[in-house]
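2 protein chains.
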Amino acid sequence: MTSSSSEYARIVDLPAHAGRSVRVRGWVTHVRSSGKVAFVVIRDGSGILQVVLVKSTVSPESWERFGTLTQETSVEIEGEVRLDKRAPGGVELGATSLEVEGPSPGDYPIQPKEHGIDFLLDHRHLWLRSERQRAILRVRAEIEQAIRDFFYERDFTLVDTPILTAAIGERSGLFATEYFDEGNAYLAQTGQLYGEAAAAALGKIYCFGPTFRAEKSKTRRHLTEFWMCEPEVAFNDSNDNMKLQEEFISFIVARVLERKQKELAELERDVSKLETVKAPFPRIDYNDAVKILQSKGSEVKWGDDLGAEDESLLVEGADRPVFIFNYPKEAKAFYMKENPADPRTVLCDDCLAPEGYGEIIGGSQREDDYDRLLERIKEEKLPLDAYGWYLDLRKYGTFVHSGFGLGLERTVAWICGLPHIREASPFPRLMNRLRP
Amino acid sequence: MTSSSSEYARIVDLPAHAGRSVRVRGWVTHVRSSGKVAFVVIRDGSGILQVVLVKSTVSPESWERFGTLTQETSVEIEGEVRLDKRAPGGVELGATSLEVEGPSPGDYPIQPKEHGIDFLLDHRHLWLRSERQRAILRVRAEIEQAIRDFFYERDFTLVDTPILTAAIGERSGLFATEYFDEGNAYLAQTGQLYGEAAAAALGKIYCFGPTFRAEKSKTRRHLTEFWMCEPEVAFNDSNDNMKLQEEFISFIVARVLERKQKELAELERDVSKLETVKAPFPRIDYNDAVKILQSKGSEVKWGDDLGAEDESLLVEGADRPVFIFNYPKEAKAFYMKENPADPRTVLCDDCLAPEGYGEIIGGSQREDDYDRLLERIKEEKLPLDAYGWYLDLRKYGTFVHSGFGLGLERTVAWICGLPHIREASPFPRLMNRLRP
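Sequences listed follow chains A and B, in order. For the first sequence, the numbering used here gives the first residue as 57, with consecutive numbering after it. For the second sequence, the numbering used here gives the first residue as 57, with consecutive numbering after it.
One or more hints might be untrue.
[As the list claims (entries may be wrong)] A few chain B residues facing chain A, derived, Cβ under 8 Å:
id	residue
1	L323
2	W358
3	T454
4	R491
[As the list claims (entries may be wrong)] Here are the simulated BS3-like cross-link-like pairs (lysine-lysine), alpha carbons at most 25 Å apart as the crow flies:
id	chain 1	residue 1	chain 2	residue 2
5	A	K434	A	K388
6	B	K357	B	K388
7	A	K451	B	K272
8	B	K274	B	K451
9	A	K111	A	K141
10	A	K169	B	K169
[As the list claims (entries may be wrong)] Here are some chain B residues the structure puts well away from chain A; computed CB gaps all over 12 Å:
id	residue
11	D69
12	S102
13	T113
14	K141
15	S160
16	A244
17	T280
18	P336
19	G363
20	L369
21	E411
22	R432
23	G453
24	V456
25	R489
No lab work stands behind these hints, which were simulated from the structure alone. The structure displayed is predicted, hence computed values, not measured ones. Glycine included, every Cβ here is placed at the ideal spot set by N, Cα and C.
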């Protein structure tokens, strides 16, 4: 095999080469032949190209090689680029020669038929090559760049918080690993506490990286490893925090609608359901949420956390995400700020995606009172020595601050309209799935 | 405490408010007083502001509060913005009132004096607030956005590779964690193998996330947790790969020089040493490198890997990074492609930063021959069942492909001119350091 990328054209760039001869490389997805004319569809990661071979105009060797092509054979093809409005990408290639770079035996596992999900996940390294999976991965990548750009343009400083931590964050469902002579390290479930320290240095920060939950949940909304984006803003209160969330989500959705139309079409996503996602979002106080739920027949009582079914009932008919805010203290994490107007509750919000996708963001104003935070740490029986540094943030110049966490895969699943979160991750990790 | 961010101005935005009254919030860094006029310097994460209080023009309460200010007290100040070329940021604030939001006791640990490194790392959550650390974190964030933008603009698809893996990648120095009924999971040392699978689906991809090494190294170039950026490109050979690397590094350095001048000045970085970092970079064949080293008195022999001292000798006098390419097979990883011109070597490169910073990138063309790769896996005694999916990439349409890994913290350390990599990470993880 020889190679020098400058001699080759990418499929996406072919319209600019119309009328000229080029060499392309890629993998065969389909072949068909009428005996004298053969059609080969290839993909190279940038696009899809239909190649036409006319038996009378190519060498006997090229024609013979055509006969050996199977799905996923990697090929190098030389030919003339012809504009053709009916073709995918607007061009086809009139081949003058065809070479096989890497053959593919006839037993390629992923066939154009129904496969069971376990089989597909066992072959995730190959399943990624299918059109639907490629479309999802591209939407995911667009969402991630949109997230980066949103915060960069607004002068947030990216601060990567550590994965390996000493007994910090939420407590159940931790993955542990031996850490030299330091005892156990735990894989971070959140970067928030570190983000708070960084916000006191840099004002507006965010982290965005993998987080881990060693939970035995088998739902369509849980992974053991997932990416989470967590901004933290000095001097933002809970209202500012919700405002940032609705601007953020609106930005992401608009960006995908603008730049990933082709992929959304491939996924048969009803984009009219996304076009209405614009700030501001409706805000429902937890007290009202309980009344609404009860009026809809739910048995939820004041003080309960809301489950997936409750969440679905609350967004019923909504054309954009909905905030539920100021939950009871017992239902939420220790670091949330007590609500001065109703100390049974905390200043927080969940942002629920429409169409039954449920919570995609949890946010809160943080408890900035040293004594009250200390009390909450003791109530929750958290290891005080591990939280000394976190208390320091309230000791030395405490400050109003708020932040939130957006779950990437849940957001991807919602925007792509996926039935299960596992397709939103390139290599999903589930309770029973660590490979490939 | 009350708060609504819309009523407040960020320090960086103050020049646009010249002549008007604004409210700002931030933390006190310095105070001094002449008895009738007081000066308070505050920072809010966006910038530094000098505030002037004239005793005769503020309320007695505000003047009294001034007397209580200590380093890191968080304050809210109202006053008039005045243009002043001598002031940091070009403005100062003539205060009309001052309120204390969060006091700070006199025992703030980080004082403007020399502290030992262990003390500073123990107080990393506060140390981050110092000017030098903030400058480093901002340069780091700029480098990370530059990385994202470089690949986004070039139509690479971001693919997040998993952290939790089943016995894959390099083998020594792995952190292990119990994974439900699946036995041990290991924290990824690289995303490359997954990146290769994704490159066959999407052509040009990159991953960029945390990676882990459970190694007992105590050098100024090693962390146990660090971020690595790993592009993988279908149809790129080793030459294309080096071209991509030099363009990538030149892009990053130019971006930091353009947008982070203030931070580089704060770090007293000699930017003339960065301004020469432009592609192409010198390329030295391993064979020549050994001869050069021997001529300089090194005892290195053909077949040895190159150590930090050798690397320093090779870049001596260079005004930009230097590639050393095509190392002996024994010195490098099993997945690198055998060099057809000299099968004792593999098609790979290390990219060495100037000024003694050493390797910041390792790259290679990947072995695309099924049988040769299988042989190498067996020679290295790797668990064959864990590599079945990786071999599949050579079974179904194998393809020329190459990629590399850039160590983020090493790159930050070089560009910032840091003596030790630990300052390049917000919360560095070292053998003996898991907190805060």
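- Task: Examine each Cβ of chain A, and state whether all of them lie more than 12 Å from the Cβ of D69 (chain B).
- Result: violated (10 Å)
- Should the hint that R491 (chain B) touches chain A count as held when the rule is a Cβ pair under 8 Å? Holds - the Cβ of R491 (chain B) comes within 8 Å of chain A, reaching about 5 Å at its closest.
- Query: Between K111 (chain A) and K141 (chain A), is the straight-line Cα distance small enough, at 25 Å or below?
  - Reply: holds (24 Å)
- Message: If I take the minimum Cβ distance from R489 (chain B) to any residue of chain A, is it greater than 12 Å?
- Response: Per Cβ check, R489 (chain B) is inside 12 Å of chain A; nearest 8 Å; violated.
- Task: Could you check that no beta carbon of chain A comes within 12 Å of the beta carbon of P336 (chain B)?
- Result: Non-interface label stands for P336 (chain B): nearest chain A Cβ at 14 Å, farther than 12 Å.
- Query: Does the claim that K141 (chain B) lies off the interface hold, with its Cβ farther than 12 Å from every Cβ of chain A?
  - Reply: holds (23 Å)
- Message: Over 12 Å from every CB of chain A: does V456 (chain B) meet that, or does the non-interface label fail?
- Response: violated (4 Å)
- Does S102 (chain B) sit more than 12 Å from chain A, CB to CB? Given a closest Cβ separation of 5 Å, the condition is violated.
- Task: Identify whether the interface hint at W358 (chain B) stands, where standing means a beta carbon of chain A within less than 8 Å of its own.
- Result: violated (28 Å)
- Message: Checking a non-interface call: every C-beta of chain A should be farther than 12 Å from the C-beta of A244 (chain B). Is that right?
- Response: Nearest chain A Cβ is 10 Å from A244 (chain B), so the label is violated.
- Hey, K169 (chain A) versus K169 (chain B), does the alpha-carbon distance stay inside 25 Å? violated (70 Å)
- Query: L369 (chain B) clear of chain A by more than 12 Å, beta carbon to beta carbon?
  - Reply: The claim holds: L369 (chain B) sits with its nearest Cβ about 32 Å from chain A, beyond 12 Å.
The structure is inconsistent with the numbered hints 1, 2, 7, 8, 10, 11, 12, 15, 16, 17, 23, 24 and 25, although it conforms to all the rest.
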